[in-house]
Amino acid sequence: MGSPELASLYQQVILEASKQKHGFGLRPEPHPSNHQLNPTCGDEITLQLVTDSSGEHVEKLAWEGQGCSISMASASLLTDLTAGLPVAELPERIGLFRELMQSKGAGVEDDEPLGDAAALEGVSRYIARVKCAMLAWTALEGAMMESAAK
Amino acid sequence: MGSPELASLYQQVILEASKQKHGFGLRPEPHPSNHQLNPTCGDEITLQLVTDSSGEHVEKLAWEGQGCSISMASASLLTDLTAGLPVAELPERIGLFRELMQSKGAGVEDDEPLGDAAALEGVSRYIARVKCAMLAWTALEGAMMESAAK
Amino acid sequence: MTQNLPIDDAAAAVYAADFPALDQEVNGHRLAYLDSGATSQKPTAVLDAERDFYEHHNAAVHRGAHTLAALATERFEDARAKVAGFIGADIDEVVWTSGATEALNLIAYGISNASAGLGGESARRFAIGAGDVIVTTEGEHHANLIPWQELAARTGATLRVIPVLDDATLDMDAAAALITSEVKLLAFTHVSNVSAVINPVAELVALARAVGALVVLDACQSVPHMGVNVRELDVDFAAFSGHKMLGPTGIGVLYGRSELLNALPPFLTGGSMITTVTLEKAEYLPAPQRFEAGTQQVAQAIGLAAAIDYLDAVGLDRIHEREADLGARMYRGAAAIPGIRVLGPSDAALRSGVVALDVEGVHAHDVGQYLDDRGIAIRVGHHCAQPLHRRLGVTASTRISPYFYNTTAEIDAVIDALGEVRAYFGLTD
Amino acid sequence: MTQNLPIDDAAAAVYAADFPALDQEVNGHRLAYLDSGATSQKPTAVLDAERDFYEHHNAAVHRGAHTLAALATERFEDARAKVAGFIGADIDEVVWTSGATEALNLIAYGISNASAGLGGESARRFAIGAGDVIVTTEGEHHANLIPWQELAARTGATLRVIPVLDDATLDMDAAAALITSEVKLLAFTHVSNVSAVINPVAELVALARAVGALVVLDACQSVPHMGVNVRELDVDFAAFSGHKMLGPTGIGVLYGRSELLNALPPFLTGGSMITTVTLEKAEYLPAPQRFEAGTQQVAQAIGLAAAIDYLDAVGLDRIHEREADLGARMYRGAAAIPGIRVLGPSDAALRSGVVALDVEGVHAHDVGQYLDDRGIAIRVGHHCAQPLHRRLGVTASTRISPYFYNTTAEIDAVIDALGEVRAYFGLTD
Ligand SMILES: Cc1ncc(COP(=O)(O)O)c(C=O)c1O
Ligand SMILES: Cc1ncc(COP(=O)(O)O)c(C=O)c1O
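Residue numbers (full-length UniProt numbering), protein chains in the order written: chain A, 1 to 150; chain B, 1 to 150; chain C, 1 to 429; chain D, 1 to 429.
Quick caveat, the hints were computed from the structure, so don't treat them as lab data. This list has only true hints and no planted wrong ones.
Here are some of the chain D residues that sit facing chain C, going by a computed Cβ distance under 8 Å:
no., residue
1, Ala59
2, Ala153
3, Val161
4, Thr295
Facing chain C, according to a computed beta carbon distance under 7 Å, are these residues of chain B, among others:
no., residue
5, Leu37
6, Pro39
7, Ile127
8, Ala128
We put the CB at the ideal spot given by N, CA and C, even for glycine.
Work out the full structure, taking the sequences as your base and the hints as a guide.
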């Protein structure tokens, strides 16, 4: 059996999200996208930023990839969080999530804006896993940069 | 003033030999020869093995070079020692001298065959200087190899 | 414990007591360090040797003439003699490097330099170009693959790769077919850091010799774990790292046959490797100094010598035997768990003590986390062998790599945890 | 002692007490270690930091995921941040190497690889060939001369050398004439390890910038002894070694401007520097990882960070000031002795604390022996700067190189001994 710390890392919501993989499956048509890879383990993700016709709101993220439960859960929870959000709000959420991940177990003052993704807080106690949790979020940043470059 | 150890390194016979440089000056005509260099300090020696017409006895060594008092004295004393010796006896003397130099201050059982060059025994206590003392002797080995190769 | 008796758990515990890092708690459990394939822990004797050097003899080596410098030089060269004796080489056949990776790159760049016309007449034998072939294998660590890819790219030579079979052993039929007269160099690992495969050195050397190719042995996973004699193995070059054999980080060894080392052009250039330097040109010292430019890893060389003393006192044969036992126990235990696939051959005679495995449905990172929660340190990932993992159909694996200081209780703790891990992550079958 | 007061003999003695190697007798005298230009001694804090790492955190870095591996990685990267802060660089601009020599070779081979077409589009800017020119100076250590000779030989480029004047300062008129539009790279030392000359960095950088040449700074003799900010100096690359600045052997640093490091092709290849490896090809990580193939000098990096903490606590400005005092005292004392010629400029503002000299009629080896007999450790030889010695008309010189832990009494002991040495060897005038 695992320790309480391990249980707080692998919360039910995380294990479920890692299996459900909301947003899994890339769109055939082109969207701003980005590929990220964790060189230690070879885990990777390709993520598309699908917006509504105005380009101002996220319709839904679409992604494919393979990796550990943390990276898969994180991509799934990121997809849930961002659906319908104004694109302009993404940088702040990503920044907050990065802060949470780098908090070494201390958490952030207000993790409400992260929704269920706040459940990933436990990851911040395991430096080696922060990269896993950040993979999808970094890919979203990349996709936004591509979109801005156009 | 130096210590007694230093005095035994720089014995009068050595300091004098380093100034007198017996054998200094290369012969114009070709003889088996060899060049040796101490890469740490740039000291070097070029030595010719001049034999009698039969080729069986050393007439005299001839050499040029520059270096510390130990290397110059060693070349000078080697020249004194070898004049008139059968060439066939050289390897044994060189071997004995090498043994003396590697003795770390312990000396060798019988250093008589080294003549005045035995005064260099003190060098063996200073590992960093052994190369200086060996320079001429190694060059003589090289010259003999060249002579044998012909 | 007697040198003649096999290492048992009691003996292992006595050895372990010499390693301060093994005596700590991780996540509330006593650390079970089973990642020695990545880097070994260090006994106090090695730490003391390094410290003693710094406290009493530290000085520039091969440069100074003062007392400390002479002592430092002597200890540094004694360390070289120790390594040479350990692998059956001559003293001047041992070149210090920062690690095995640098040692392998040294060969590749030496050949590159020869191919660019450097190194004079004697270096010509190393020159390669279009039409020439370098051969390596699919089972290599990146350190014994990428340098050859780059060498091929720099010189126009072609790289061929001997494939592995499903059990990760080399396809020796393919090897025989690939090692043709165009082959100038064959590089392969003695023991795989993933599949545990011990390669058939004699057969591979014979294939190389038949076509006049040079043989480079990656000995990273053999020298720390079994008696290795480079002369008996009849290889031309061999590379290994100090940190995997109880030594400090930052020190490695390149063995090269004397005749070859003295013909290979230098790699790194700078101080202490020259005879004469003018503004136009430098003349180089004989090996090994010609490959040791600049201030060397002196304290680390001396630490490595102390590590070899320690290994010699334990005995390489006993270490090899003990690890084979631990590896076999791990193999059996893991293979018996439903949903676990052990990589590499099943024949124990072909295996080192390393066991890498795949837990169906659970990513290696998650397996590693589960074990770490119990204080078990193992490695997860591709272990710098992506092509091999790709060939075996996994992205990342979980690797247990024991050393002589590990106990069967630690192996059993891993087996227990592996037996639970799929259930923990919600998989049942 | 207060951080604000200059270092006096009392303060130096307090510092010296932190260095175990300084507290010993050599030939019946207390050691006077004046060879810090070759390698410095190490304070207990550095030895403790290394040992603490080995005893508590030792594990593979950037590879493992278990607790120890994560801790080791964190400490390793903290050390990088420390070095970056020390020289005013960004974290990803600091590359670990085995020493300054390897750092300089890394640049040379990176350019070589770019010139061979490796590294893709972004590496093209580094490619050189026939018609291109590399410039270095006559005052260089071999580590900053031979790599460029070899690079020129590999690529067909030409090497030009800025001559020095009789006082060993650079001939700046010649520099201006030699740094023409064909020049792609200018490499020079910040401070000479022989003549003590502090080169005019700003002027040389301006000459290089005017023709678009890259600037490589050999900072081996400056970073340990004075505050160095690479951004303010505006150089593209800089190299220095840990062992000359209280750190362990086997660790060095390459600084490179981020944009350049990310465009330069890799040098050593192997594990931990790639993203994806197939049997045909490898994709590389961004800098600094792309230059850090294989297991790194982890304990040594951590030791170097502790050395920087120590230097920071003493204060680089105070160190610089103190050494200037000791150097000036040495210079005056030696210059006043008949038959002694001090190399380098007489203007103290142009000099570091190093003093190299020639004793007329007595070979440097014999001078060194005479001093060693009194427990004084100084260096004799060409100090890996043969061309400079040739230019100054000596084969070998005697070099006194103090650090902040030396006292004026030690300097005076050298001066006394130098005053006797010619008489001892039978020279009188
Ligand atoms: C000016 C200078 N450059 C380069 C070096 C080479 O440094 P290392 O031998 O540590 O690589 C040294 C020291 O020997 C030096 O003094
Ligand atoms: C088989 C093998 N080859 C090469 C290496 C590279 O060794 P290092 O990282 O010490 O240079 C390793 C270890 O990582 C290895 O296991």
